Structures are given as C-alpha cells and as structure tokens.
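Turn these sequences into a full structure, and let the hints steer you where they fit.
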Amino acid sequence: MANAQSARSARELSRAKAELERIKPRFEKMRDQAAREFGRAEVLLQLAEIARKTPHRF
17 MANAQSARSA RELSRAKAEL ERIKPRFEKM RDQAAREFGR AEVLLQLAEI
67 ARKTPHRF
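Reading the sequence shown from the start, the letters are residues 17 to 74 in this note's numbering.
These aren't lab readings, by the way, just hints derived from the structure by calculation.
Don't take each hint at face value.
As the list claims (entries may be wrong) - Quick list of simulated restraints, FRET-style, between CB atoms: (1) GLN49 to MET17: 37 to 43 angstroms; (2) THR70 to ARG31: 35 to 41 angstroms; (3) PHE54 to LYS33: 27 to 33 angstroms; (4) MET46 to ARG68: 30 to 36 angstroms; (5) GLN62 to ILE39: 29 to 35 angstroms.
Treat the numbers as computed from the prediction; the structure is a model and nothing was measured.
Yeah, the Cβ is synthetic: ideal placement off N, Cα and C, and Gly gets one too.
Structure representation (structure tokens):
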C-alpha cells in the first residue's frame with residue numbers, strides 16, 4: 017500500500033516537473049515583458065511629475 021502511494025506521488029511529481037518545464041519559457045518571457053512595460057509606466061509617471069514641477073516657458 018505504501019509503495020503504491022509512493023509510486024503515485026512520484027508520478028505526480030514527475031508530471032508536475034514536466035509541466036513546469038513546459039510552461040517556464042513562456043512564463044519567463046511574459047515576466048520580462050511585464051517588467052519592461054512596468055518600467056515604461058514608471059518613466060512616464062516620473063516625466064509627468066517633472067513636467068508638473070517645471071515652470072513652463074511659453
């Protein structure tokens with residue numbers, strides 16, 4: 017009984033590891049893209065703040 021449970025757990029772990037390896041490249045690509053987008057948003061917010069604080073010369 018314990019051997020059967022151990023074997024089942026080992027198969028499930030193996031499947032989970034295979035699934036992780038399958039999705040990991042896309043996850044990392046999407047994470048990098050999100051980080052770039054977040055960085056761009058932060059820069060735009062900083063530029064807007066600078067623009068609000070800078071007197072206009074028109």
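Quick rundown of the hints versus the structure:
For the pair GLN49 and MET17, the beta carbons lie near 48 angstroms from each other, so the given range of 37 to 43 angstroms is not met. Between THR70 and ARG31 the Cβ separation comes to about 58 angstroms, which falls outside the hinted range of 35 to 41 angstroms. For PHE54 and LYS33, the hinted distance range of 27 to 33 angstroms is satisfied, since their beta carbons lie about 30 angstroms from each other. Hint check: MET46 to ARG68, Cβ distance near 33 angstroms, so the stated range 30 to 36 angstroms holds.
For GLN62 and ILE39, the hinted distance range of 29 to 35 angstroms is satisfied, since their beta carbons lie about 34 angstroms from each other.
Hints 1 and 2, counting from the list given before, are not met by this structure.
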